[in-house]
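Protein chains in written order, with the UniProt record's numbering: chain A, 1 to 75; chain B, 1 to 75; chain C, 1 to 75; chain D, 1 to 75; chain E, 1 to 75; chain F, 1 to 75; chain G, 1 to 75.
Hint data in this document are derived by calculation from the structure and do not stem from the laboratory.
Residues of chain G placed beyond 12 Å of chain A at every Cβ, according to the derived structure:
hint	residue
1	G3
2	R16
3	S18
4	P48
5	P75
The calculated DSSO-like cross-link candidates involving lysine-lysine, where the alpha carbons are at most 27 Å apart (straight line), are:
hint	chain 1	residue 1	chain 2	residue 2
6	G	K22	E	K22
7	D	K22	F	K22
8	A	K22	B	K22
9	F	K22	C	K22
10	E	K22	D	K22
11	F	K22	E	K22
12	E	K22	A	K22
13	G	K22	B	K22
14	F	K22	A	K22
15	G	K22	C	K22
16	D	K22	C	K22
17	G	K22	A	K22
18	C	K22	B	K22
19	C	K22	E	K22
20	G	K22	D	K22
21	D	K22	B	K22
22	A	K22	C	K22
23	A	K22	D	K22
24	E	K22	B	K22
25	F	K22	B	K22
To give a feel for the contact side, a few chain A residues facing chain B, derived at Cβ under 8 Å:
hint	residue
26	L21
27	S23
28	A32
29	G33
30	D35
31	N39
32	L40
33	V41
34	E60
35	T62
36	T63
37	I64
38	I65
39	R66
40	N69
From a predicted model like this one, the values you see are computed outputs, not experimental measurements. Idealized CB from N, CA, C, for every residue including glycine.
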Amino acid sequence: MSGRPLDVLEASLGERVSVRLKSGDEYVGDLAGYDQHMNLVLEDVAIPIDGGVEEEAPVEDTTIIRGDNVVSITP
Amino acid sequence: MSGRPLDVLEASLGERVSVRLKSGDEYVGDLAGYDQHMNLVLEDVAIPIDGGVEEEAPVEDTTIIRGDNVVSITP
Amino acid sequence: MSGRPLDVLEASLGERVSVRLKSGDEYVGDLAGYDQHMNLVLEDVAIPIDGGVEEEAPVEDTTIIRGDNVVSITP
Amino acid sequence: MSGRPLDVLEASLGERVSVRLKSGDEYVGDLAGYDQHMNLVLEDVAIPIDGGVEEEAPVEDTTIIRGDNVVSITP
Amino acid sequence: MSGRPLDVLEASLGERVSVRLKSGDEYVGDLAGYDQHMNLVLEDVAIPIDGGVEEEAPVEDTTIIRGDNVVSITP
Amino acid sequence: MSGRPLDVLEASLGERVSVRLKSGDEYVGDLAGYDQHMNLVLEDVAIPIDGGVEEEAPVEDTTIIRGDNVVSITP
Amino acid sequence: MSGRPLDVLEASLGERVSVRLKSGDEYVGDLAGYDQHMNLVLEDVAIPIDGGVEEEAPVEDTTIIRGDNVVSITP
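One chain only, chain A, in its complex shape:
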């Protein structure tokens, strides 16, 4: 199980991650925390414009995402 999912999250703390939700929404933010349900804490959150990662519309300082909404997390 080398590189378990939660280990990768732990290693990504402080890094910018992209989170895709089941609703189709995407959040980009600095990963500030998580738990075993993949509940996430993001900081300096932005929503990508036109699916691009270069331009971002700032949204909120801190956002908690409930894990059961998550499809994928890309550090």
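Chains B, C, D, E, F and G: place on chain A using the hints.
Below, chains B, C, D, E, F and G without anything else, positioned relative to chain A:
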């Protein structure tokens, strides 16, 4: 796991938070309580008008939200 | 966690509460019981007319609501 | 938690109950059994005609309903 | 809890049962086994024609149905 | 509980099974493994053409199916 | 239970796998990790073009997929 999701909720007690639900509805209120399922207690609850946080239509004094409806919580 | 969701339910026993379900339905009734899943027992249940709480169409004496249908409970 | 949901079910054994499902279907029958998941056993089951409880189309002698389909139970 | 759901299933072993699924599909077969999740084993399985129980189109010798698909089981 | 669902799966190891998913998709393959969640391992997997079991379009050597997608398994 | 699903995942570490999600999306990547929920870590992730495995559009270096989105994994 610095800054776990429930720790951020604990630190947000008494603060105004915005809660997005899977239905697309949004609640804004003072966070008065929560539990490990992210069931929430909000007070002085309002629903943002036109998605804006400035103007709010007052709704209810206290509202319990069942956690499995929650997408995100923004303190 | 001051004012946990289940504590607010406990304090609301005997009071009239409004319960919104995921189906969009709303029940108004006296909260007669609950459990840790937010399964609820309502008495003197009514369904609000036109979303108003003043006028109510009486429905049933007692109704058990399974908790996983609940979006929010407003005492 | 006076009048917990399962206590109300226990007190309703042998009584005629109306069960609403997430599919919108409704069953009326004598409550012959249940368990902690709100799985139910109904006997002399009927489906209300035009949503009325007076006229009923008989359906089956005994029906087991899996609890996760249940919205509400009205004794 | 007299006549709990799983007791009724136990008493129905070897009998012909009708199983309604959340998809709307219906299976008729001899109940050969079950477990606590209401996973079922049916034998001599048929699908009712026009919703009738008299005429049946034979389908399979043995079918395992995962319990979370089940709405109701009628012995 | 004679002939429990997992016992039938155990007895079907190495046999060709047909698996119907909630999406409506169907997989046919040799059952190479399973676990208590009904997660499955199929080998020499094919997808039936026109719902028939005679003609099959080969798809993959080995496929793991997550159990919560499964409707039924027919050995 | 020879060849349990998680054993097949363990044996597939480092190999290229194709993951189909409930949304219909498909990811192809090197399996770098997993856990008992079938949460997955993929590296050198690509999305197949026109459903083909030959041509791939590169997407991300590393992606964590939450297990409850997974339909099937093909090593």
